[in-house]
Amino acid sequence: MQAATATKGAISIRNVTKIYDPEGVNVMAVDDCSLEIAPGEVCMIVGPSGCGKTTLLNAIAGFHSITSGEIYLDGEMLCGPDKPIADQGADRMVVFQNGALFPWKTLLENVAYGPIVQGIMGKKEARDKAQDILAEAGLADFSMKFPGEVSSGMSRRAEIVRALINDPKVLLLDEPYRAMDALTKSIMHESLLEVYDRTKVTIFFITHDLEEAIFLGDRVVVMTTRPAKTKKIVNVAIKRPRDYTVLSSEEFRLLVAEAKGAVHEEAIKAFEAGERELA
Amino acid sequence: MNPNKATKTESPSSLEPPTGFWLFLYRANKGVRTSTPYLMFFGIALWLVTYYLFNEGWKLPLFNKIPGPVEVITEWISRDPIFGMSLFTEAYHTNIYVSCQRILIAFSIATSVGVPLGLFMGWSKTFRDYTFPILETLRPIPILAWVPLAIIMFSGFETPIIFLATLASLFVTTLNTLLGVDSIDESYFRAAGCLGSKPRHVFWHVVLPGAMPFIFTGLQISVGVAWFSLVAAEMISGDFGLGYMIMDSYMQNKYVTMVMAMITLGFVGWLTSAMVRFAGDRMMQWRVRALALEGR
Ligand SMILES: Nc1ncnc2c1ncn2[C@@H]1O[C@H](COP(=O)(O)OP(=O)(O)O)[C@@H](O)[C@H]1O
Ligand SMILES: [Mg+2]
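Residue numbers (the numbering used here), protein chains in the order written: chain U, 1 to 279; chain G, 1 to 296.
These aren't lab readings, by the way, just hints derived from the structure by calculation. Keep in mind that this is a model prediction, so the values were computed, not measured. Please note: incorrect hints may appear among the correct ones.
[What the hints assert, rightly or not] Chain G residues, not near chain U, derived (Cβ > 10 Å throughout):
{"#": "1", "residue": "W47"}
{"#": "2", "residue": "F88"}
{"#": "3", "residue": "T126"}
{"#": "4", "residue": "F157"}
{"#": "5", "residue": "S187"}
{"#": "6", "residue": "Y188"}
{"#": "7", "residue": "C194"}
{"#": "8", "residue": "S197"}
{"#": "9", "residue": "H205"}
{"#": "10", "residue": "V206"}
{"#": "11", "residue": "P209"}
{"#": "12", "residue": "M212"}
{"#": "13", "residue": "S237"}
{"#": "14", "residue": "M284"}
{"#": "15", "residue": "W286"}
[As the list claims (entries may be wrong)] Straight line, CA to CA, 20 Å or less: simulated EDC-like cross-link-like pairs of lysine to aspartate or glutamate:
{"#": "16", "chain 1": "U", "residue 1": "K145", "chain 2": "G", "residue 2": "E90"}
{"#": "17", "chain 1": "U", "residue 1": "K105", "chain 2": "G", "residue 2": "D281"}
{"#": "18", "chain 1": "G", "residue 1": "K198", "chain 2": "U", "residue 2": "E36"}
{"#": "19", "chain 1": "U", "residue 1": "K145", "chain 2": "G", "residue 2": "E294"}
{"#": "20", "chain 1": "G", "residue 1": "K198", "chain 2": "U", "residue 2": "E109"}
{"#": "21", "chain 1": "U", "residue 1": "K105", "chain 2": "G", "residue 2": "E294"}
{"#": "22", "chain 1": "U", "residue 1": "K105", "chain 2": "G", "residue 2": "E71"}
{"#": "23", "chain 1": "G", "residue 1": "K198", "chain 2": "U", "residue 2": "E251"}
No residue lacks a Cβ here, since even glycine has one placed at the ideal position from N, Cα and C.
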């Protein structure tokens, strides 16, 4: 397959504020946050636990409302003053923090599910397509297995495949490799980079691993401690396609050093404020 | 001739996992090599010996009027039973058959009403707000308290008995199904939403399979309470059935027959709950396989 050039998937976050339960406990999770993400960009969001990263992602995905501000996808308003909560849709696919493959469906059934329920493909066609793209991700022999039978790395990969079969404009990933060991993580990174080079889908990727962020991203957005706003944006000019040799390059080390100061400062603030995360 | 051919038809290559009949043999073999079946036999033997010693052996006063295991088993396998009921008499078969049939009817009605009811209650907040208080007020009423009402409402023996068993079973199934829907992780609903599901897809592909483990736990309990209320009802008003058999033989001082009926109930009850468990495992291969990998 030839490398695509991105023409879709521009996200525009404008002055978004989110206050949970304004009349009650009143937790301000996101405060006047603005961010422009270009089509086909890999945008990495880094910030201390409990700062409001997931909150922002949930607003884009349409899982909950925003209190004020607007979010646009390719010029169309997802949510704004008259429409506090975005419609959920297959143009924005989420890969969840704890994984959400349906445990009662095989990997193949999971991947084929989206196109079938959207009525885009027939059952047979969807299953054939699913088998093909699982095979591309090196999961051909596992397509008949249930998520509970494969490793966490494989099920995470299958979850990304399940998202990509729908040809989304944006891929939203919420700390997808958080519970993985370093070796599995590096395999996952390479396979995500490979997917990205092939599809050039816009990626909104939440992590609190700075090195992961710089290795994968075009830009790293460092968030302040709660309520979240953008504190610092680091442009990562390392050329693509990237592989693990990047990790030992001088360029990479300089970028990590540049971002580390900002992240560390916020981490200390978050720690002292006793922030805890819910999800 | 190919020398490998003979071995190939006898058993699949040792590198491939066994399937079909070979899988069955492998499992049976593995089962026999664990301690479980021996412990089971040992447990039953221990129970029988204790029963024998307390009763026919040491003749403890507490067990004076109770027939011992030898007496019960002799009667049970006798072609010409003293008290008129044994493995070879039709009356015994009829009692088992009638009770099992009633359980089948009650359990089927309770399941086919209770599962959808629980699913809808879990799925739709509005429906739940309407129905949950009713369920929660009716549920604590002990099933024995329903007996007079059932007798007044329905005529004959059959309907009131089945009604009581159904009712008991229905509450359990509904509540467990409801809890099953509640137990489903929010992220599956979100994933389904992202993937473009319409509400009916969410119902069939998330709510139903996600609640399945709880549903089957509930069904196992529910078949148990169905037996409980069935026997209670048969003892109070009945013409046939194992509960009636216990009460009737008690009235007529046929204690041997009474103990026989009790043990039969235990056995049949165990069998029905094993059947529910088996059906559950068949319908939830995803869970069976995941648990097997954890060595359970
Ligand atoms: N439903 C909720 N109600 C109230 N507070 C919430 C809710 N969800 C999250 N929060 C709070 O909002 C803040 C940001 O949470 P979250 O976006 O999950 O952080 P992150 O993903 O960056 O770790 C946290 O302080 C959290 O406690
Ligand atoms: Mg989070």
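Hints, one by one, checked against the model:
no.: 1; hint: W47; in the structure: 38 Å, holds
no.: 2; hint: F88; in the structure: 47 Å, holds
no.: 3; hint: T126; in the structure: 19 Å, holds
no.: 4; hint: F157; in the structure: 42 Å, holds
no.: 5; hint: S187; in the structure: 4 Å, violated
no.: 6; hint: Y188; in the structure: 6 Å, violated
no.: 7; hint: C194; in the structure: 5 Å, violated
no.: 8; hint: S197; in the structure: 5 Å, violated
no.: 9; hint: H205; in the structure: 7 Å, violated
no.: 10; hint: V206; in the structure: 7 Å, violated
no.: 11; hint: P209; in the structure: 4 Å, violated
no.: 12; hint: M212; in the structure: 7 Å, violated
no.: 13; hint: S237; in the structure: 44 Å, holds
no.: 14; hint: M284; in the structure: 7 Å, violated
no.: 15; hint: W286; in the structure: 4 Å, violated
no.: 16; hint: K145/U - E90/G; in the structure: 50 Å, violated
no.: 17; hint: K105/U - D281/G; in the structure: 15 Å, holds
no.: 18; hint: K198/G - E36/U; in the structure: 31 Å, violated
no.: 19; hint: K145/U - E294/G; in the structure: 15 Å, holds
no.: 20; hint: K198/G - E109/U; in the structure: 17 Å, holds
no.: 21; hint: K105/U - E294/G; in the structure: 19 Å, holds
no.: 22; hint: K105/U - E71/G; in the structure: 54 Å, violated
no.: 23; hint: K198/G - E251/U; in the structure: 48 Å, violated
Violated hints for the displayed structure, listed by number in ascending order: 5, 6, 7, 8, 9, 10, 11, 12, 14, 15, 16, 18, 22, 23.
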